[in-house]
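S.K.: Generate the whole structure from the sequences, applying the supplied hints.
As they're listed, the protein sequences go chains F and Y.
Numbering-wise (the numbering used here), the first sequence opens with residue 11 and increments by one.
Numbering-wise (the numbering used here), the second sequence opens with residue 268 and increments by one.
Quick caveat, the hints were computed from the structure, so don't treat them as lab data.
Ideal placement from N, C-alpha and C gives every residue a C-beta, glycine not left out.
Everything hinted at is true.
So, partial list: chain F residues that the calculated Cβ filter (under 7 Å) puts toward chain Y:
(1) S127
(2) A130
(3) Q131
(4) E134
(5) E164
(6) V177
(7) L181
(8) N184
(9) V185
(10) D188
Chain Y residues, not near chain F, derived (Cβ > 12 Å throughout):
(11) V335
(12) R352
(13) D373
(14) E375
(15) V393
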Amino acid sequence: MRTSHSFQPFAPRARRAVVAIVLTFALASAVGTALTIWKTGPSKGQAAVVEVASRQRTLAERYVEELLLVRAGAVASPAQTGSLLTRSVAAQLTGGEAPPVNGDDDSTRLPRQDDPSLRAQLLEEQRLVHDLTLAGRAFLAGAPVEAVSLTGHERLGPLTPTQRLRVLAALTSNVSLDIARTVANRADRNIATLTRLQVGLGIGGLVVSLLLAWALVAATRRQTAHFQSLVNSSTDLVLVLSDGGCRYASGSVTTIVGQPEANLLRDGFLQFVHDDDREVVENARRTGQPQTIVFRLRSHAGEWRHLEAHLTDLRHDRHVRGVVLNARDITERFRLEQELTRQAQRDTFGTQLVEALEMADEEETTLGVVERAMTEISSVAPTELLLSDSSRAHLERAAVSPTAGAPACPVESPFSCVAVRRGNPVVFESSEALNACPKLRDRTGGPCSAVCVPVSFMGRSLGVLHATGPEGRPPDPQQIAQLTTLATQAGARIGTVRAFEKTQLQASTDGLTGLNNRRTLETHLRALIRDRAQFALAIADLDHFKQLNDKHGHEAGDRALRSFAQTVQRGLRDGDLIARWGGEEFVIVMPGADAQGAVAVLERVREALARAHHGGHPVFTASFGVADTTHAATLEQLLQVADTGLYISKDAGRDRITIGEASALPRGLDPTGAGDEPGVRPARSRPAFHDAVSDEDHEVSIRLA
Amino acid sequence: MQLRSQTVGRSLSGFRAAGGIALACIGLVATSCGGVARAVPPGTVVQVSQRDFAISVSPKRVPAGQIVLRVRNHGPDRHELIVVRTGSVLTGSAPLPMRTDGMTVDEEGLQPATVGVLEPGPTGSVRELQVRLAPGRYELICNMAGHFLGGMHTVIDVH
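M.R.: As structure tokens, this is what we get:
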């Protein structure tokens with residue numbers, strides 16, 4: 011009754027029914043036994059009564075015979091026989107010992123007779139025996155037998171003494187026979203009554219037991235039905251698997267599968283399990299292991315439901331004889347987990363993509379990252395990135411999936427692309443559909459599906475990311491999401507890189523001459539000094555530039571500056587650098603050269619400059635001051651040394667090259683440790699240098715061509 | 268036997284003792300079966316009373332025709348009833364002829380004169396014997412051993 015603990019409402023009824031059945035049987039048995047005792051009790055010892063009654067018959071006959079024998083002179087003892095008759099009938103009536111009869115039997119114990127009719131018969135017999143023995147004694151004594159008064163209601167007619175004796179004996183005998191018959195009949199009746207009572211009792215007991223059993227069955231049914239309802243209404247799925255296959259499937263299983271239980275029993279259930287999961291389920295059925303399994307079940311709608319089942323091995327429980335699977339439909343949870351995983355993958359992809367793109371500082375490397383990302387999204391879907399050129403009128407193929415190649419969209423102009431026009435990703439299920447992009451039709455690979463994601467930066471279209479797939483099966487939502495991420499991030503990066511490159515170019519060059527600007531050169535110079543490299547440095551200044559501007563206009567001044575820059579660049583060696591330092595000043599750096607070498611190079615430049623002045627350009631010259639790393643240790647000192655050279659060149663009449671003097675450096679700044687030398691023009695600070703080169707005092711000599 | 272005998276009103280002790288449904292059913296069947304023969308018997312009713320060892324009738328004279336002998340045995344022993352026409356060619360006015368045992372009437376010899384027989388019945392039983400009696404004298408006897416000679420005989424006159 012283990013279940014009664016968990017199922018109180020009906021258990022007491024069942025228990026009561028069982029107790030009532032047992033009690034009914036016990037009662038029926040007890041009543042049956044009592045009836046048997048009651049009914050058979052009076053018949054106990056009645057065999058002796060019958061025996062004595064039949065003996066009385068013989069004794070009565072014998073008594074008369076013995077009387078006649080004695081009268082005839084033979085030896086007989088009628089008195090003894092008469093005594094036996096009298097004592098026997100007394101014993102029959104009151105109970106006790108019936109005397110033994112020689113040659114017949116021993117003394118017999120008789121019960122007392124209480125039955126009124128039998129007692130009446132015995133009393134009658136006693137009276138007849140009395141009459142018989144009295145008549146017998148009269149007969150032996152020779153007295154008149156008819157004179158003996160009769161007590162047994164017999165009315166004897168005119169008979170001879172012998173006849174009288176014989177009639178009395180016959181009556182005694184007949185009454186004795188009747189007594190035996192009465193006893194036997196009474197026993198018969200008792201047995202018949204007992205049989206009827208027992209049958210009645212049996213039927214009654216049977217009916218009551220059947221009613222109680224019916225109640226028990228009803229209670230059990232209710233109990234079973236209750237459990238059945240609990241199991242069936244539960245969302246949990248219960249299955250019992252045994253060697254013969256499925257032995258039980260709860261209502262929730264049949265509801266999911268949409269089949270009656272009969273179709274799931276034995277091998278039926280496995281038909282609905284996913285092919286890949288059958289082995290798992292079979293193994294669980296065989297071994298009862300592991301504790302938890304997950305498998306897929308085909309629902310009536312044809313979709314796969316994911317079930318998580320906990321196993322209970324009850325193969326040795328004779329009530330179950332199988333492995334019980336308590337399963338729960340975890341499809342929604344499974345999908346959510348999948349979605350979360352996908353989201354995490356997307357996030358990971360996005361994070362990795364951003365990191366990779368951050369490391370790409372040029373458009374070229376950015377496109378490399380884009381190509382690798384294409385493979386990451388799908389190694390089989392042809393993918394390409396089309397970017398507009400600087401004119402923003404043409405789309406060019408900038409990146410192609412390294413593994414799957416390009417889908418080769420024939421679109422030429424950004425505004426011919428529907429995705430670019432819309433500014434949103436576009437998915438085409440089939441290139442053959444009415445609303446498909448016309449650019450998808452007639453591709454070499456035949457009909458296809460496609461995704462087109464616009465690439466833009468700061469609201470300006472850069473191009474389109476395009477991927478294709480088999481017809482009717484475009485890239486899945488996850489891939490579309492990843493493609494969108496790629497388009498967004500790549501657009502942002504390409505836009506940034508392009509803007510950066512442009513800004514960088516602008517920042518590092520001089521807008522007028524196209525030469526490096528002062529800051530760029532300073533960066534180079536500091537790097538050289540840091541590396542303790544040997545180099546020569548020259549400061550160039552256009553002679554009488556202010557006058558040139560004033561006389562011929564700024565346009566002519568600018569042309570002169572550009573012309574000077576081009577001439578110097580042509581004359582320099584590979585690796586030499588020139589930068590516009592400001593105004594009409596230029597600084598030239600010659601790595602590896604000393605001051606003398608620099609002078610030689612600059613001489614050629616100066617000559618080239620003289621030759622270049624033709625074609626209507628105002629002729630101009632330039633003065634140079636040179637220093638090298640032997641003159642000073644810092645950039646500032648080096649510039650000061652070169653500046654002194656320039657000063658000397660200007661002072662000496664311009665259009666010449668002079669090596670500066672380290673001795674001109676102020677005290678404490680001399681790298682050689684030499685002190686100030688008198689007579690030497692003191693070095694100026696950089697602003698002074700600027701002032702000097704643009705000094706109004708300088709004489710201007712301009713020769714017009 | 269050309270004469271119908273039946274037992275009526277047997278002891279109801281069996282019914283009293285039977286408490287069970289089954290017995291009630293059996294009793295019901297028995298009662299309904301007996302119901303067919305319980306039609307009121309036509310003819311003159313003669314009360315016949317038997318006891319150890321005498322037979323008495325009332326009335327002693329009845330008209331000829333259908334006669335119902337209602338025989339009650341007061342006991343204490345079993346008794347039978349044989350109705351024999353006397354004063355006929357066979358019996359004449361002489362006493363009934365006896366068998367050679369000297370104890371019982373010669374039933375076989377009296378067969379042609381016998382008009383009705385009731386087999387031995389137990390104490391307390393009431394039975395009916397229907398006979399069609401022509402005018403004459405009839406002797407009613409119990410022929411169990413010694414009973415006739417012990418006094419169990421009487422006569423009834425039919426006129």
